[in-house]
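Asks: Numbering (this note's numbering), first residue to last: 1 to 110.
Keep in mind the hints are simulated off the structure, nothing from the lab.
Fair warning: there could be bad hints in the mix.
Restraint ranges, calculated between C-beta atoms of paired labels, are given here [to be verified]:
1) 80 with 43: 37 to 45 angstroms
2) 46 with 20: 23 to 31 angstroms
3) 54 with 82: 24 to 32 angstroms
4) 104 with 43: 12 to 20 angstroms
5) 46 with 68: 28 to 36 angstroms
C-beta atoms are modelled at their ideal positions from N, C-alpha and C, and glycine is treated no differently.
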Amino acid sequence: MKLQAFRNSTVARPLVLVAALLLCQPAFAATDEDSDPNKVSAMDMTGDLLIGRPLLLTATVLGTAIWLVALPFSALGGNVKDSAEALIGWPARNTFERCLGCPTAGYKKD
Numbered sequence: 001m002k003l004q005a006f007r008n009s010t011v012a013r014p015l016v017l018v019a020a021l022l023l024c025q026p027a028f029a030a031t032d033e034d035s036d037p038n039k040v041s042a043m044d045m046t047g048d049l050l051i052g053r054p055l056l057l058t059a060t061v062l063g064t065a066i067w068l069v070a071l072p073f074s075a076l077g078g079n080v081k082d083s084a085e086a087l088i089g090w091p092a093r094n095t096f097e098r099c100l101g102c103p104t105a106g107y108k109k110d
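Sequences and hints are given; from them, build the entire structure.
Replies: Below is the structure:
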């Protein structure tokens, strides 16, 4: 009776799922020794194109708006270049200069 109640409970299914994921963890961590660590996969490129670039473009636009609002205070504090770099420069560089799927900004030379 207790075993049947446990099987039908809402706790059993998540426990089984967590146990299965823990058993599969070594398979997820396995890597091919012949693979190039600098090579970008199609999944990386797709995720970057569909998720990363739109978010970085949004961060660039919002950073520009925030920078314009904060410009008088930055000018008084003497850190206009620092605030522009943090709010506009970094997101813009990672949006437009980073190769598709690459983790760091800069043009990739083949």
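Asks: Given a hinted range of 24 to 32 angstroms, is it respected by the beta-carbon distance of residue 54 and residue 82?
Replies: holds (26 angstroms)
Asks: Are residue 46 and residue 68 spaced within 28 to 36 angstroms by their CB atoms?
Replies: Cβ of residue 46 to Cβ of residue 68: about 34 angstroms, so the range 28 to 36 angstroms holds.
Asks: Could you tell me whether the CB distance from residue 80 to residue 43 stays inside 37 to 45 angstroms?
Replies: holds (40 angstroms)
Asks: Verify the CB-CB distance for residue 104 and residue 43 against the hinted window 12 to 20 angstroms.
Replies: holds (18 angstroms)
Asks: May I ask you to test the hint 23 to 31 angstroms on the CB atoms belonging to residue 46 and residue 20?
Replies: holds (26 angstroms)
Violation of the numbered hints given earlier is absent; every hint is satisfied by the structure.
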